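Chemist: Each chain, letter by letter, is given below.
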Amino acid sequence: MRINTWYVSSFLTSLIVAIPIVTVFSSFFEDTTNYFEILKNTFLYEYIFNSLTLLVGVLILTLIIGVGCAYLVSFYDFKGAKFFKWALILSFAVPAYIYAYSLTAFFENYGTLYSILKTIFGDGNYNKQIPKFDGMIGAILSISFSLFGYVYVLTRASFHHQSQNLIELGQNLGFTRQKSFFSIILPSARPAIVAGLALVAMETLSDFGSVSFFGISTLTTGIYDSWISFDDLAFANQLSFYLLIFIFALFYIENISRKKAQYHTPLKGGIKIKKKIKLKGIFSFAAFFICAIVFFVSFAFPVLQMLYWSIIFPKNFIDLNISQLFFNTVVLVFLTSAILLFFSFLSNYGNRVTRSKFLKLLSTFSITGYAIPGVILAVAFITFIAWFDNTIIKFFGLVSIKKIFIGSIIGLVIVYFIRFYSLAFNGIKSGYEKINKSIDESSYLLGYSKVKTFIGIHVPYLRNSVFLIGILISIEVIKELPITLILRPFNFETFATTAYIFASQDLLEAAAVPSLFLILIASSFILTTSRYILKG
Amino acid sequence: MQNNFFEINNVSFVAGGKNKVNNVNLLIENEGEILCLLGPSGIGKTTILRTIAGLEKIKDGQIILKNKILSSKNKHVEPEDRNVALSFQENCLFPHYNVEKNIDLGSNRRTRKKKNINSKDIIKLLNLEKILNKYPHEISAGEAQRASLARSLVSQPDLLLLDEPLSNVDQNFKEEIQVELKQILNNSKITTIIVTHDSYEAFYLGNKCGIILNGQLRQYDDPYNVYHFPNSIEVVNFLNRGILIPAKVTGENSLENEDLGTIKGNFTKHYPKGSDVQLLLQPEDLEHDDKSNLKLEVVDRKFRGTNFIYTLKTNSNLLIPVFVHSHHTHQHEVDEKFGIKRPINIEHIVCF
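Listed in order, the protein sequences are those of chains P and Y.
For the first sequence, position 229 (counting from the first letter as 1) is numbered 229 according to the numbering used here, and the numbering increases by one without interruption.
For the second sequence, position 189 (counting from the first letter as 1) is numbered 1189 according to the numbering used here, and the numbering increases by one without interruption.
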């Protein structure tokens, strides 16, 4: 029998992605320690309540900030509008946990704000007047300002693609600006807004860094605690099960919304450039002020806070082995990107060439990884390896594989692969969707084989997509915290883990340098690809 | 045994799991012949081309090129191994290469130099010199179609398949290209199958024409015969170059119509005297004569540059097209009476 490379590679990818899902679902019926009973009677409802409170708070805030900013830069011409259009996406470079460090550092007793007030007004008891953004409020603010970019980018792209004719039609019908917004613009962008909010919701439920920093017990921190503190993998997996049900519902909503969002995009005739309304006077200032505040709070504030600390505590800068952290990050970025791009190309080309429904189904299944929180992926991966080692490996009397996969670069890259496969797969897929099938056929008819078509036609055509996806994967890998924290080899640190470790030891000023580097590297990547990101 | 250049033997063409055209038998005897396939949209003409090119498989029958089986139930030669070029109707230029590079890629498959085709000549013929450095997204649909045609031609295939090759080309440029294209195909002896919905294009370019209707190849003949001797009412209706009027056979060489009277000519098929038939009346069958006492009412007049096509209404409300040279002295307006020369003589009488 001839071995079909496309099937084998797609099947392998799906198999790897299936590991955490199957592990979580199968361990639902396993016995747990009495920690479960204790937790069920005490904390479980608190976990669920906190997760939901956080979710609702973040969704409301990201909806207002994301849609508001997207509307202003898409429909109005005011001073700085062009700058804010791309500057607002820089918030992607600030992970929620670093935002949380900045927020705490600024508003805490004798923190940065206290120092500023003292410098301006002299000694005084300012700590009582300074608001404290910690606990749930702090987490909601941190996550919202870190994630509103999803809603902003998708909504702005939708507004950008909205037909000018549609808007002019509203004017012809005598609609006021307000009525046009609520009757035409907003309903037309709804699928994009819902898709953005679903992404925000998934990321919020997955968040580990900021909620653990603020000491909020959510399902995600519960999973981490039950594994780290109580050594109860089975219970960690049972908590994951509850969380996954939530998240798959969101994943489904996001997918449906994305498909609908495409229907709202004009397919033919290009985009008629929207006539922006020129704002003057107080209105222009108000629009500028709103965008400037969002930009400052979401990006400039954490950067300045980290920069301030890096400057006033230069010892932290000198003590940190930046070149080693940089090297470790680059290794992870390079390995993950290369493997992800290779398999995404293989699966996409396989789907294109074979037109197999089964292969398509496998591919759809294999992109579900991005919906699963990093903590769950890491814990489930360890569970699976432990099970495999204790049963299959033991049965055949082979050497233990635990060391190969747990606490190793290999294990880390495999779980990154599961988490970010959808990013790479969908990126290549959207590039492929722009290549008409008849172009492949033309190539065959000119005498090019399938391999030659792939190398000579697809790869050169998709090089921009590959570059973009490589950058996006890099940003994600640089920011990623829970998977790296759980699965990294001994003494192997990245900027993210270093910042987290310092912060968890209450050494926020020491967390500033790695945080600053992380933000700067991610920002430079975002700026390189801003043109593509803005297309949504 | 006769060695035909290309054969389709009893093949049913399938696209998307649905049978499009069934049990097709088709033959191109000699290298260099041009075959045109005509049929309404969605009937399966493109499917036939795609199947011949190897982009679709067949379940029965055989497709044979130069005595080599390309497709059968058990065999499928891959498209890249067939030396068959297909020029698609839509823009299928490689988007990341400019027009020149796209055309150059066509020469990739050139394994034999016997066909005397020079890419510079093709570029000139198709008026592509000015857009050679442009990318596909920077050119019009018509230009893209011509570039695609050039790429196929320079690949010098054994069999060239053209899917509506001039559908996006400007009308004023179309006829010029048709002439040049025919010349180049004849000179280089490239055997070609052209799919088109334009019967004039098919009649001009093709040595043979195939009419595909209702999932079948209904007629396969040379253009003159297809036009003048359609073999079924469906073909007449599809070509839309005449109408069928009721008549009664009155003799060996005559029939009678209620409105037009006696019509004489040579029957292409024998019908017993007294038979009721449907007579094919084409625009050039009737002659204009103002002195005639057979007058019909003008209901429409189409000016076609070299000629007029009058639509005339008979007493029994039949609408009959009549061809008149545009320089005829007496033009008739709508609602006026139009004289038809009597007796009516038709070169060949086609009845159903």
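Derived by calculation from the structure, the hints in this document are not laboratory data.
A portion of the hints provided could be inaccurate.
[What the hints assert, rightly or not] Among chain P residues calculated to face chain Y with C-beta under 8 Å, some are: (1) GLN129; (2) GLU441; (3) SER442; (4) LEU445; (5) LEU446; (6) GLY447; (7) TYR448; (8) SER449; (9) VAL451; (10) PHE454; (11) PRO460; (12) TYR461; (13) SER465; (14) LEU468.
[As the list claims (entries may be wrong)] Simulated coverage check for chain Y against chain P, where a stretch passes if three residues somewhere in it have a Cβ under 8 Å from a Cβ of chain P: (15) 1014 to 1022; (16) 1074 to 1080.
None of these values were measured; they are calculated from a predicted model.
Where is the CB? At the ideal position from N, CA and C, for every residue including glycine.
Chemist: Under 8 Å between beta-carbons, do enough residues of the stretch 1074 to 1080 of chain Y, three at least, approach chain P for the coverage claim to hold?
Modeler: holds (count 3)
Chemist: Using 8 Å as the Cβ threshold, decide whether LEU468(P) counts as touching chain Y.
Modeler: Violated: closest Cβ of chain Y sits about 15 Å from LEU468(P), beyond 8 Å.
Chemist: Tell me if TYR461(P) is really an interface residue toward chain Y, meaning its C-beta lies closer than 8 Å to one of theirs.
Modeler: Where the cut-off is 8 Å and the nearest Cβ of chain Y is about 5 Å from TYR461(P), the hint holds.
Chemist: Can we keep the PHE454(P) interface hint, with Cβ of chain Y closer than 8 Å?
Modeler: It is violated, given that the least Cβ distance between PHE454(P) and chain Y is near 13 Å, above 8 Å.
Chemist: Should the interface hint for GLU441(P) be scored as holding, given a Cβ-Cβ cut-off of 8 Å against chain Y?
Modeler: holds (5 Å)
Chemist: Given TYR448(P) as an interface hint, is the shortest Cβ-Cβ distance to chain Y below 8 Å?
Modeler: holds (6 Å)
Chemist: Mind checking the CB of GLN129(P) against every CB in chain Y and telling me if the closest is under 8 Å?
Modeler: GLN129(P) check fails; min Cβ-Cβ to chain Y is 60 Å, beyond 8 Å.
Chemist: Are LEU445(P) and chain Y close enough, Cβ to Cβ, to be under 8 Å, as the hint says?
Modeler: With a closest approach of 5 Å, the LEU445(P) hint holds.
Chemist: Do the numbers back the hint for VAL451(P), that is, is its least Cβ distance to chain Y under 8 Å?
Modeler: Status violated, d = 10 Å.
Chemist: Report holds or violated for the interface hint on PRO460(P), using the least CB-CB distance to chain Y and a cut-off of 8 Å.
Modeler: Because about 6 Å separates PRO460(P) from the closest Cβ in chain Y, which is inside the 8 Å limit, the hint holds.
Chemist: Less than 8 Å between beta-carbons is the criterion; does SER465(P) satisfy it with respect to chain Y?
Modeler: With Cβ-Cβ at 12 Å, over 8 Å, it is violated.
Chemist: Holds or violated: GLY447(P) as interface residue toward chain Y, Cβ cutoff 8 Å?
Modeler: GLY447(P) check passes; min Cβ-Cβ to chain Y is 3 Å, inside 8 Å.
When each numbered hint is compared with the structure, violations occur for hints 1, 9, 10, 13, 14, 15.
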